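Fit chain B to the known structure of chain A by using the hints.
Those protein sequence lines, which keep their order, are chains A and B. Numbering-wise (numbering that gives the first Met the number 0), the first sequence opens with residue 0 and increments by one. Numbering-wise (numbering that gives the first Met the number 0), the second sequence opens with residue 0 and increments by one.
Do not take every clue at face value.
[As the list claims (entries may be wrong)] Derived CB-CB ranges, DEER-like:
no., chain 1, residue 1, chain 2, residue 2, range
1, B, T135, A, R128, 48 to 54 Å
2, A, S37, B, L2, 57 to 63 Å
3, B, F24, A, A165, 58 to 64 Å
Hints were generated in silico from the structure; no laboratory data involved. In this text, all values refer to a predicted model and were calculated from it rather than measured experimentally. Ideal placement from N, C-alpha and C gives every residue a C-beta, glycine not left out.
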Amino acid sequence: MADVRLTDIRKRFGALDIIKGVDLSIGTGEFVVFVGPSGCGKSTLLRMIAGLEDITSGELAIGGAVMNDVDPSKRGIAMVFQSYALYPHMTVRENMGFALKFAGMAKEEIERRVNDAARILELGPLMERKPKALSGGQRQRVAIGRAIVRNPDVFLFDEPLSNLDAELRVHMRVEIAKLHKALKSTVIYVTHDQVEAMTLADKIVVLRAGVVEQVGAPLDLYDDPDNTFVAGFIGSPRMNFLKARIVTAGEGRVTVALESQPDVTLGFSLRTSAVRPGDTVSLGVRPEHFRPAGTGDADMVLDVDVAEHLGNTSYVYANVSAEERIIVEHGSFRGADGSDRLTVGLSAEKSFLFDEAGKRIR
Amino acid sequence: MNLSRLSGTALQYAFLGLAAFLSIFPFFWMVISATNTSIDIIGGKTTFGDAFLANVGKFFTEVDVPLIFWNSAKVAVLATVLTIAVSSLAGYGFEMFKSKARDRIYSLVLLTLMVPFGALMIPLFMMMAKTGLINTHIAIMLPTVASAFIIFYFRQSTKAFPTELRDAAKVDGLKEWQIFLYIYVPVMRSTYAAAFVIVFMTNWNNYLWPLIVLQSNETKTITLVVSSLASAYYPDYGVVMIGTILATLPTLFVFFVMQRQFVQGMLGSVK
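The shape of chain A in the complex, shown without the other chains (with noise of 0.2 Å):
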């Protein structure tokens, strides 16, 4: 077990800067699962991390040791990729025990520890068959088997369960979590799944286009997002933004109206007085905070579009004007004809307010 320190870590390709100056630090023992959309850079931090990818600036420390330069296997690191890259011409047993007997180990000890993983992950009865006659989800098992068994400082996952399908992505999900609590060791883990951000981290780190958004423990980015970025990434289905105006601004109070419905007020106190009566700002409210109509502290009235049944509750896609769409999660709408309206309360106490570059002022 380890630490992982990042100190304005850079990455360019050519003249593209992919990632622009990351300063993290991973706690020994911590869940840390980037989060972003494709594109964001998440995969190559962590390849850089892995030593996969140069850094082009910056400063990389895994256990205190500087490791912008050090080789890939001596960084005491392992990896479990997304498409499980196991070598297909080997059983189970040798794709475990491959790393251990090219770093030289003891044929007893490579067997002891390839056991211990199979016994931990229930690989027994598949030691010699060969990937191709494996599951996807055995196949993922053998590849966090083959990581288990460098008893590394630091595990890292690159999106790897986006291969499996739904069922089985929950499965393995409890099952990392398992693994996490039982082994006790760092894990950096690279998600677009916000669901598997929330559900397995102990912190998050979002990114967007090669920048720390926010980073912070999973309900912390739920409750205090910084950003629309960050509110709208984190939570599901995502965050409902709407355009408003500020009608009324003073001793660090606003009261706001929203422009498809200027009757619809709420008052919010602020982290900032940089506002003025006419700015626009967006009131972010998520789907499960809408509260019955009367009672929160304003209401406002839907055109439903469509509505998702899911049983224990239902999904309301709906209009509040021509141009702006939002979904409610409602627990006991019944309607599902597009000619019904729907009326919603708003409380100020559950929803976020953001100016007009994104950032976050209540």
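Positioned in the frame of chain A, the structure of chain B alone reads:
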């Protein structure tokens, strides 16, 4: 089935039948001729005769069979192994290592495919003469070792080689040459098998270049010897056909042994 569909099917079968006949007839003719005397063959006899053993006997008397087989096998196997080793390394390198110069160099390599062998023959002969390699088997093998087509074939096949395997191997501590040897080669074995069949056949059947550089009977390969039998003043075609059958057998054997791998390799070898 209506008439037009029936006639369409009949036409298809007629075309396929003709194609099959054209493919198979030379083999049939070869085998039939090996059992007949030269006079029967020239007379157009297309049935089995009784001169097979006599033809075999004559062939083994006139030709040092073990020597020409040894020469052909040595040249074909060594050239094939060297060609595949060099060309697969080049194909791997061209695909795996990104650089600005890569595609320019690769284009130059492909450009050599457009140059006919006839244009290279004389400069190659002069090179071999200057280096004292005329009448040696090395002279036959050297020009074939870096084959633009096989480099192209390996590069195209390498596109299907998962780059994550290379990454995993790096994390496991392998150097680039070890990744090539322990991961790439076994994973791409079908590609290697297909390349082996193609290159072996080309080398075994190689005629023009050996004809130019091999001048003594001790170094000649089977294709040259059979050809010289056919161009004698009174060629004994029955004996020539025995030689042709013997010259065909190794390529048939290699193809049938590696048929499954060959087809897999041509379709893309990474499974």
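Here is how each hint holds up against the structure:
{"no.": "1", "hint": "B/T135 with A/R128: 48 to 54 Å", "verdict": "holds, 50 Å"}
{"no.": "2", "hint": "A/S37 with B/L2: 57 to 63 Å", "verdict": "holds, 58 Å"}
{"no.": "3", "hint": "B/F24 with A/A165: 58 to 64 Å", "verdict": "holds, 60 Å"}
Checked against the numbered hints given earlier, this structure breaks none of them.
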